[in-house]
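The whole structure should be built from the sequences, with the hints applied where relevant.
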Amino acid sequence: TPFFQTWELKGRYPKILDDEAQGPAARQLLEDAQAMLAKIIAEKWFAPKGVIGFWPANAVGDDIRLFTDDARSQELATFFTLRQQLTKRDGKANVALSDFVAPFDSGKADYLGGFIVTAGIEEAAIAERFERANDDYSSIMVKALADRCAEAFAERLHERVRKEFWAYAPDEDLAPDELIGEPYRGIRPAPGYPAQPDHTEKATLFRLLDGERNAGVSLTESFAMWPGSSVSGIYLSHPESYYFGVAKVERDQVEDYARRKRMPLGEVERWLGPILNYVPAQGLDAAA
157 TPFFQTWELK GRYPKILDDE AQGPAARQLL EDAQAMLAKI IAEKWFAPKG
207 VIGFWPANAV GDDIRLFTDD ARSQELATFF TLRQQLTKRD GKANVALSDF
257 VAPFDSGKAD YLGGFIVTAG IEEAAIAERF ERANDDYSSI MVKALADRCA
307 EAFAERLHER VRKEFWAYAP DEDLAPDELI GEPYRGIRPA PGYPAQPDHT
357 EKATLFRLLD GERNAGVSLT ESFAMWPGSS VSGIYLSHPE SYYFGVAKVE
407 RDQVEDYARR KRMPLGEVER WLGPILNYVP AQGLDAAA
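FYI, our numbering numbers position 225 of the sequence shown as 381, with every residue one higher than the one before it.
Treat each hint with caution, since some may be false.
[What the hints assert, rightly or not] List time: in silico DSS-like cross-link candidates among lysine-lysine, alpha-carbon distance up to 30 Å:
| id | residue 1 | residue 2 |
| --- | --- | --- |
| 1 | Lys166 | Lys404 |
| 2 | Lys205 | Lys299 |
| 3 | Lys205 | Lys195 |
| 4 | Lys264 | Lys248 |
| 5 | Lys248 | Lys404 |
| 6 | Lys195 | Lys299 |
| 7 | Lys244 | Lys404 |
| 8 | Lys166 | Lys195 |
| 9 | Lys299 | Lys171 |
| 10 | Lys417 | Lys264 |
| 11 | Lys171 | Lys195 |
| 12 | Lys205 | Lys319 |
| 13 | Lys166 | Lys299 |
| 14 | Lys244 | Lys417 |
| 15 | Lys404 | Lys417 |
| 16 | Lys264 | Lys319 |
| 17 | Lys319 | Lys200 |
| 18 | Lys248 | Lys417 |
| 19 | Lys299 | Lys200 |
What the hints contain is simulated information worked out from the structure, not anything from laboratory work.
So this is what it looks like as structure tokens:
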């Protein structure tokens, strides 16, 4: 459970509370967290903000092209995806996120959504206040709770997208405990995570949603989000969509990816460094 992982406690809630070794510390953390969360709510420490958007979309190869309207004659933007290059048993396919969007040549109208949410910039100031008082425990706690609030915001917004805003699953009826297992239709993958490890794809999302103006969230030079307690990603509604990891990629795909993005190969290799299954040539900066 992410909250307890912040404190280097490994286990799933609520079982961790009864763990012989970690249970006492976990129960104390939970009690302290609930007390601080009550103050956060009562005193309005955070000011969450968010923005969502939806666009006509179709897949062209491993790219997801967005259009200005349902005529689909004018392109608005492109999300570039990476495909697994794994050796799988039973003839299973290597997938990319573009597989979960209807191909353009199918003639089917499909859509893609996007979101940016944050717990707010206030968390940083509050944490700094605790640090100045030499209260590191409370500083870490408020940051951990801000992260959980942002994630809860993203999860609640995704539920409303499925049932109300996009409304592709209007009859969904899941209890909060059931939502943890993500049994619902659709996914919300985030750039920089296993299904799309390229953080630079956030730039397209933030441009489309005007993230800084509409949600108060900006991107740093390294494509990290500020405030830190923020979540962003895309919405895909395909009934068979699921989360996966691209894992290691080969040179041929990276070269093709760089050409599609019109980005120098060396720059793409730098961003994809952790998943490269080869050693990049030193000093080369060609996109051809």
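Okay, the hints, checked on the actual structure:
Among the hinted pairs, Lys166 with Lys404 is consistent with the structure: their alpha-carbon atoms are about 27 Å apart, no more than 30 Å. Restraint check for Lys205 and Lys299: the C-alpha separation of about 17 Å stays at or below 30 Å, so the hint holds. In summary, the hint linking Lys205 to Lys195 is supported, as the alpha carbons are separated by about 19 Å, within the 30 Å threshold. The straight-line distance between the Cα atoms of Lys264 and Lys248 is roughly 25 Å, inside the 30 Å bound, and the hint therefore holds.
With a C-alpha separation of about 17 Å, the suggested pairing of Lys248 with Lys404 holds against the 30 Å cut-off. For the hint pairing Lys195 with Lys299, the CA-to-CA distance comes to about 14 Å; that is within 30 Å, so the pair holds. Annotation: proposed proximity of Lys244 to Lys404 holds, straight-line Cα distance about 13 Å (limit 30 Å). As the CA atoms of Lys166 and Lys195 are separated by approximately 27 Å, the hinted pair is consistent with the 30 Å bound.
Taking the CA atoms of Lys299 and Lys171, the gap is about 24 Å. The hint holds against a cut of 30 Å. For the suggested pair Lys417 and Lys264, the alpha carbons sit about 25 Å apart, so the restraint of at most 30 Å is met. A C-alpha spacing of about 26 Å is found between Lys171 and Lys195, which places the hinted pair at or below 30 Å, so the restraint holds. With a C-alpha separation of about 20 Å, the suggested pairing of Lys205 with Lys319 holds against the 30 Å cut-off.
Distance hint between Lys166 and Lys299 is fulfilled; the C-alpha atoms sit about 19 Å from each other, no more than 30 Å. For the proposed pair Lys244 and Lys417, the alpha carbon gap of about 28 Å is at most 30 Å, so the pair holds. Under the criterion of a C-alpha separation no larger than 30 Å, the hint pairing Lys404 with Lys417 is consistent with the structure, at around 19 Å. A hinted pair counts as satisfied when its Cα atoms are at most 30 Å apart, and Lys264 with Lys319 qualifies at roughly 22 Å.
The suggested pairing of Lys319 with Lys200 holds, with an alpha-carbon distance near 28 Å, which does not exceed 30 Å. A hinted pair counts as satisfied when its Cα atoms are at most 30 Å apart, and Lys248 with Lys417 qualifies at roughly 28 Å. Using a Cα cut-off of 30 Å, the hinted pair Lys299 and Lys200 holds, with the two alpha carbons roughly 15 Å apart.
Of the hints listed earlier, there is not a single one the structure fails to meet.
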